[in-house]
Structure formats: C-alpha cells, structure tokens
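*Asks:* Listed below, chain by chain, are the residues.
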Amino acid sequence: MKQTKRSGASLFLIELLLGLLVFAVAAAICIRIFAGAYQISAQTTALSHAVTIARNTAEAVRAGHEAPQAGYDAQGMPTDGDAAYRVTLSETPCSDGLAEVQVAVTDAAGNELYRVTAVKGEGEP
Amino acid sequence: MGAKQNSHSVGGVVVLLVCCVFAASVLLALAFGARIYRSVEDRTESGYNSRVGLSYISTKIHAYDLAGTVSVGDFDGLSALYLAEEADGERYYTILYAADGWLYELYCQDGVELAPDDGEKLLEMGALAFSLEGDTVRAVVTDAQGHSASMETFLRSGGAA
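So the protein lines, in turn, are chains Z and E. For the first sequence, our numbering begins at 1 and goes up steadily by one. For the second sequence, our numbering begins at 1 and goes up steadily by one.
One chain only, chain Z, in its complex shape:
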C-alpha cells in the first residue's frame, strides 16, 4: 500500500515533468513565432514609412519642386539629424524633353526599402 502511494507520487511527478517538457518545447516554438511576427510588423511599418516618404518626394519632383528632405526620422518626419530613412534621386533624360526620376528610400543600413519613378520636365529642379 505504501509502495503504491510512493510509486503513485513518483508517477505523478514524472508525468508532471513530462508535461512541463512538452510545454517548454511548445512555448519555445510559440515565442519564436511571436518574435518573428514582431519583426515582420517592424518591417511593415518601415515599408509604410518608406512608401509615404517616396510618395511625398515624387509629388514634389512632379510638381517641379526641390526634393523636400534627404533624411527622415524613425516616424517618417523630416530631420536634419540622425536619419532612419534616406532618399536618393537619380535622373534619366527621356524623350520629348522629359526626365525620369527614380526615387529610392533606404534605411539607416543602406538597404533599399522602396523605389518609385516620377516624370518631370527636363531642366526643372
């Protein structure tokens, strides 16, 4: 009887430990997925900012204005200090007196996030 009680307690402990092990494996997988989701969310936010910045710059180019700003902070607002996003323009002359401008937005590490093409009159700023 006592041996049954002791073996019952031991079995319960072993079962509990096994359950804890299975939970640990499942939790590790879930945490990895959560971290991946957070990273994807951050990338999506960066892409969203890049699209907005590129759009604003392309608008300025098409309207014949100077590009608004070369550097933008982490929220996509213009900044003269440390920039989380940078805009680079490359102009290619086309026919009919037009010029094609490539607006590229890169992150602080230099990775290109988004690129859009705008057309303006050749000779405009």
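Honestly, the hints are just simulated from the structure, not real lab data. Heads up, a few of these hints could be off.
Cβ-Cβ distance ranges computed for the label pairs, FRET-style [claimed, not checked]: (1) 110(Z) - 90(E): 54 to 60 Å; (2) 131(E) - 42(Z): 29 to 35 Å; (3) 118(E) - 119(Z): 38 to 44 Å; (4) 119(Z) - 131(E): 41 to 47 Å.
Built from N, CA and C at the ideal position, the CB exists for glycine as well.
Chain E: place on chain Z using the hints.
*Replies:* Then chain E, alone, in the frame of chain Z:
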C-alpha cells in the same frame, strides 16, 4: 519512521514546486504572447489609419485642384481643409477635419453654420493639422501614441484660394 515522513514531505514539496513552475511558465508565455499581439495590432491599426486617411485627403485635394478652390482654415477650433466648388451659382465647401479621434468630412453651402458633429465619420484618425504654403498643402496626423505621419500635396493649379 521520521526519515520516511521526511521523504514523503520532500516528495510533496517537489511536486508542488514543479506545479508552480509549470503555472508560472504558462502565465509568462501568455503574457508575452498577449504583449506581442497587442504591439503588432497597435502598429498595424495606427499605420493603416494614418496612411489611408492621408491618401484619402491627398486624393480629395487632387480632385478639387482648381485655381482658388483649396484653402486651409479653422473649423470650430479645429484645423480644417476647405475644398470649394460651384453648383447652380452657389458655392459649396467640402471640409475635411479630425475630431474626437475620427476623420470627418462635411459638405455644406457657403455661409451655413454647422458643428463638427454634423460631418460624416470616415475613419479613425488622431490629431490632424493642415498647413498651406504657396502651392504646397501639408497634413500632419498624430495618433494617440504620439507617432506622427505627414503628407505633402502640391497644387497643380498653381495656388490656393
């Protein structure tokens, strides 16, 4: 006898300890997952609202882009964008503004006094500020977390009202 009782006690404590560790691990994993989910959801919603709202405003400006039709002003203490049009000899305004966490659109005749609540809710949006410099309309939206997004639209008609 005493040694056997001690071994029983130790075994019980170990079992209890393992149960507590299991319960704590479950709670930690749940809390971590909920926090991550909330963070992702807030980011997605904030980005969607500001991006779609600003795109809508930009499209509206382009649609009303005629000489003297676009202006920025104050609507009951709120920064507002006024888009004018003529119909049957009368002047009408489409007014875009943000109030109570929503982007509103109000269509009314010139001279009619209306309140911000009379507009139509379009989508959720934080504080919205318009500015007009020459032919550049700038809209800056700030959400509840303090994150800002801006959009610049250039008037092809050459100038504002």
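*Asks:* With reference to the structure, classify each hint as holding or not holding.
*Replies:* Hints, verified against the model:
1. 110(Z) - 90(E): 54 to 60 Å: holds (55 Å)
2. 131(E) - 42(Z): 29 to 35 Å: holds (30 Å)
3. 118(E) - 119(Z): 38 to 44 Å: Given range 38 to 44 Å: holds, Cβ gap about 41 Å.
4. 119(Z) - 131(E): 41 to 47 Å: violated (27 Å)
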